[in-house]
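Peer 1: Chain residues, written in single-letter form:
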Amino acid sequence: MTERRKKILLVEDQELLRKAFATALKRKGYEVSTAVDGMDALEKIREVRPDLVFLDILMPRMTGAEVLEHLKNDPTLPKCKVIITSNSSIDLDLAEAKRMGADGMYVKANHSLSELCEQAERFLKQAEENESHEKDIAG
Amino acid sequence: MQENETVRDGGAKKRSLWGRWVRSRVYLVYVLIGIVSLAPLLINHYYNAKIEDATRKTDVLTEELNRRITQMDELAVLATEVNREAGNVLESRDIAEEKKKIGGYLARFNLVVGEVRADWRQSPYEEETAALLGELTAAAGQLDSMMEKERRVTESVEKNDALAGLEGAQAMNRDFENLLATLRNVRRIMRGVRDTRLREDMRDVQGLQARQTWWGESTALGTPFETSTRLAMEENRNVQFEEFYPPIGLWLEVSEYRSADGVSVFFRDVGERKRIEEELKSTMKMQADFVSFVSHQLRTPLAGIRWMLELADGEENVPVDASNYIHDAQESTVRLVTLVNDLLNISRLERGKLEISPAPTHLGEMTESVLKDIATLVTEKQHELTVTGLADVPVLSLDQQLMRQVVLNLLSNAIKYTHPGGKIDVRLEKKDGQVHWSVRDNGLGIPQKSQARMFEKFFRAENITKVATEGTGLGLYIVRLIVEQMGGKIGFESEEGKGSRFYFSMPAP
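Chains as they are written, first to last, in this note's numbering: chain A, 14 to 152; chain X, 1491 to 1999.
Bound-form chain X, shown alone (with noise of 0.2 angstroms):
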């Protein structure tokens, strides 16, 4: 009803959709995406702002140091100015002149040093300032001793005595030393609280120009970051990721979600899983290393095991009792060496390190020549083999070895798997831009409960381990790894005691 009414109404349905706009909140992502591009600016701003702060709050601390320094400076100009007017009352006589220029002297001196006490008594560096105040009462006092001399000088100088106004000068000449001493440990002090307040104030100012830095890479364009938050508001994603953030130096797995109000962020400390998790991958490396080891070395032996053998067997006139052990010997070498091969193939596999050597090949055939190879345990089984589709298919290009295995796994399984007289169909096809292999047989079947496990390492179904006692539980398992890393999909369907169908395919472009 609504409807037809603003269809009627021009001006309504303006409104309408406006206010439909506003309602629907399309302008909050606006808005939103409009803060996100200005992230970086903002940030930009505020750590200026900061830094510009922190700056000059060291510059106006420097200069009040600087000029408690300069005071000690002037301190000390004060002292020598009496130390001098002393010495000239010794000459000149004029001795009211000269008292009063001490006068004036020692007004500043203690003014001064009144000062600085109560500056000091401000300060945040306790312990320099007990030092400093110690000082400064130490100066009053060789002050007060310089001036108790200086008296005595007059006294002397007024009574003509002028060997005992000698000796009152030379008396106060060394507590002028010492008050010269005194206020050059004060300095030195000052000079302390000003490098070390220095050098903290510019490890602030470096910690915010290193934030200022990060953020502003963190939420520039193409970052994680910035993708995600994007994602996030743009198109509605909850949107996870991990990365390391050098600042704080953590791991943080960042989640980031609409919420009514904008994006909510949520930061999570995951650096304890990231370390367990390179652990893992250490150790894995060791086992991966360990395995590749020794699998070589196996090699050797194992090659001089079957080759001794296969000699003993071209021997003339061996007994038919000890032929046969030597057939059975031979078997379980080359059984012995597939293991091995799987193994490396694993090992290899698992960390990722196979080289793999893509080369034109054409999957019909790969599975003709398998077949071929096989040839004698499908007859010695009497199985029934169908084939089709060996031609229908493109080449493509991947590593033969590696689906050479895939092809052999995959196919001498059905035959173990499958009791003799069984039917066994391979099939290849191309459909959809993929070429899809399979074989299908009416053996044993994969139990339900463990049809999940299948392509597990070491993993065999339940029913086969009391048919044949022998298998690793690797065939599948490297099948998948190999598949898997040329970019191709494995699965199966099976039912227990009807018989199993596995196939792969492979991207054809």
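Pulled out of the complex, with its shape left as it was, chain A reads as follows (with noise of 0.2 angstroms):
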């Protein structure tokens, strides 16, 4: 059985950062899809429905705590990891982002890309592991 390959949205209103990270993770051999604000985002899980979801919080015209709210409370939205990437920790801290429904949270600035994609491997083990788990239960 070849194993499929993870998808994952990364949703960031900077160019710069967006290229920088998603250059970073297909290289990784990820399945990368962008998003530049939370309504993209929004319409992206719908459309891609992705493993993990790298999710930036200040952004026009939809923020992310306000997507984090939408997954919460709308059934119709398929599942997923969603970790947290700002670049202002004094509106957030993990305690707060776990509240708010998110799995990690990293401030852009303090890590280099391959300590992110470590992350994204470790969350996407993680899930695996949750499903799989589900699986056994339901088996």
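Rather than coming from a laboratory, the hints here were simulated on the basis of the structure.
Note that the Cβ used here is the ideal one computed from N, Cα and C, for glycine as well.
Certain hints may be false.
Straight-line alpha carbon distances no greater than 20 angstroms define the calculated EDC-like cross-link-like pairs of lysine to aspartate or glutamate that follow [what the hints assert, rightly or not]:
1) K32/A to E1800/X
2) K32/A to E1805/X
3) K1862/X to E131/A
4) K39/A to E1840/X
5) K1775/X to E1855/X
Coverage of chain X stretches by chain A, computed from C-beta distances (three or more under 8 angstroms per stretch; other residues unrestricted) [claimed, not checked]:
6) 1825-1834
7) 1872-1883
From the derived model, a few chain A residues whose C-beta atoms are all more than 10 angstroms from chain X [to be verified]:
8) R18
9) K20
10) A37
11) G42
12) V49
13) D53
14) R59
15) E60
16) P73
17) H83
18) I96
19) E134
20) A140
Each of the two chains sits in its own frame; use the hints to bring them together as a complex.
Peer 2: Next up, the structure:
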């Protein structure tokens, strides 16, 4: 059985950061799609059904916080892991991020791409384990 | 010797104890405590008396003025009577009888005017008094003129000249109207004085009531004033505090201490200093807001540079020189990110705005994890590292992210400022209800004259600025802010050329 390529959605309004991060994730072999704001993100989540979302907070049109609200309250949206990537740690800390429904939070400038890719791998693995665990229970 | 005597004689002993007690002035303290406890009562009594007094004075004066106003009404009635009697003269012809009546009214009129004049010459309202006396003179003149017309009427009636009598009566009527207008004017002036005076007195009474309330509140049990007065007396302590006193609109510094004859209380106006402090606070807030804003704005482009450099470095077939340049640029970027983070943390810590999220934290495990992160730094410099007591400390409730920064800053300082091949010793222990954390090195040490300033913002010891040019002088400052904010203590001991030991302790209940 060949392993399915994991899908990651990258939500980031800054083009430079989006390009760099997407390139790094693609080099790691992930299937990467991108969104430029919260509205775009919700559409892409329905369309692509990503395994993992990197979500910026401060964005035009719809913020990351609002996207999380939708994910929490709208059962028609597919479930996925969400990691907040922000540059403003004042407004948010990890505990707050978790309350909002995210699985992790990183300040972009504080981490190298390889560190973030490692985290992506870790979270995807976690999601997979949870899934197989659920299957075991169901089976 | 004297003690022996008192032991032998019980009565003498008693007297001596009493004498000693009196001499010791302990009683003074009790007397003073008594006075302080009574103070609110006494103050209340004092103000009640004053308020009563002020209210009574107001009442007396109001009554007096009201009486004067009534007198004006009386004058108007008298003038009306005179006018009416003059009319009667025209009709009744019993001139002698009418003249007698008119004479009576006139005498009464002049008497009242005289009284009012005499009273008002003593009045403190100069302007009003002048106006009023002027009006009264005018009234007297008008009355004279009226009486002259009256005489004309009487003469005409006596001569049976009805037409002349009627003309005289009409002229008299005009004078009468003028007189009434003048009297009304006098009345108006008096009412004005009465109302002004009443308002002033009301203000006095209200002021007294406000002061009474304030004294009552300020001297009540538990207020700073009462508490410190008690402390000054009971415990013989010097007390100083600052408080805003609304009735006088002043910030006062109040100092109290026991003196030979009781308690001395000093008040000092510190309003100017308070104002400057407020200004400074708002300037500092603006500065902190600015730092915070700029730092956030810096982070996004910094992340861009950092990541792009990383991508460039990850390309295949990068020439060796270029790869080196990229690494240098990456290092600078990371340093810049650290600086921005430090500035952000400082601006939040200084404002006391950093939200501390305490969580169960094991300083031993944290130290171990930090050491793992910086293991390459230790091996690069070939330091000999010993660690003791990692497992000997309890779990504390601390902010993990901030404590990690404390441990990281102290450890990386030790590594950085120790020559290669140095000895670094990390030690944790629980003692006297505290967790003690320390790192000792045999590095550069801190010159004596720099030691006092080590935890200041932007300060770097002279000897290290020669060794390591980069460094912001923020690391230890942040460490101090964090440790203090978490209720811990921080310190160090050091000798230049021999090494340093930095330590902090956290309460471990």
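Peer 1: Now look at each hint and say whether the structure bears it out.
Peer 2: Hints and how they fare:
Straight-line distance between C-alpha atoms of K32/A and E1800/X comes to about 13 angstroms, which keeps the hinted pair within the 20 angstroms bound. About 15 angstroms separates the Cα atoms of K32/A and E1805/X, which keeps this hinted pair within 20 angstroms; it holds. Restraint check: the Cα-Cα separation between K1862/X and E131/A comes to about 17 angstroms, which is no more than 20 angstroms; the hinted pair holds. Pair hint K39/A plus E1840/X does not hold up; C-alpha atoms about 42 angstroms apart against a cutoff of 20 angstroms.
Restraint check: the Cα-Cα separation between K1775/X and E1855/X comes to about 37 angstroms, which exceeds 20 angstroms; the hinted pair is violated. Counting residues of the region 1825-1834 of chain X whose beta-carbon sits less than 8 angstroms from any beta-carbon of chain A gives 4, enough to reach three: the coverage restraint holds. Coverage of the region 1872-1883 of chain X by chain A is violated. Counting CB-CB distances below 8 angstroms, 0 residues qualify, and the rule asks for three or more. Taking the minimum C-beta to C-beta distance to chain X, about 20 angstroms, the non-interface status of R18/A holds against the 10 angstroms cut.
Remark: the non-interface label on K20/A is consistent with the geometry, its nearest Cβ contact in chain X lying 21 angstroms away (cut-off 10 angstroms). A beta-carbon of chain X is positioned within 10 angstroms of the beta-carbon of A37/A; the least distance is around 7 angstroms. The beta carbon of G42/A sits about 14 angstroms from the closest Cβ of chain X, which is more than 10 angstroms, so the claim that it is off the interface holds. The non-interface label for V49/A is consistent with chain X: the shortest C-beta to C-beta separation is roughly 15 angstroms, beyond 10 angstroms.
No beta-carbon of chain X is positioned within 10 angstroms of the beta-carbon of D53/A; the least distance is around 19 angstroms. At roughly 28 angstroms, the least C-beta separation between R59/A and chain X is larger than 10 angstroms, which holds for a residue marked as non-interface. Residue placement check: E60/A keeps its beta carbon more than 10 angstroms from all beta carbons of chain X (closest about 26 angstroms). With 10 angstroms as the threshold on Cβ separation, the claim that P73/A sits away from chain X holds: the shortest Cβ distance comes to roughly 14 angstroms.
Once the 10 angstroms rule is applied to beta carbons, H83/A is consistent with being away from chain X; the minimum gap is 25 angstroms. The Cβ of I96/A sits about 15 angstroms from the closest Cβ of chain X, beyond the 10 angstroms cut-off, so the non-interface label holds. No Cβ of chain X approaches the Cβ of E134/A within 10 angstroms, the least distance being about 16 angstroms, so the stated non-interface status holds. The beta carbon of A140/A sits about 24 angstroms from the closest Cβ of chain X, which is more than 10 angstroms, so the claim that it is off the interface holds.
The structure does not agree with the numbered hints 4, 5, 7, 10 stated previously, though it agrees with the rest.
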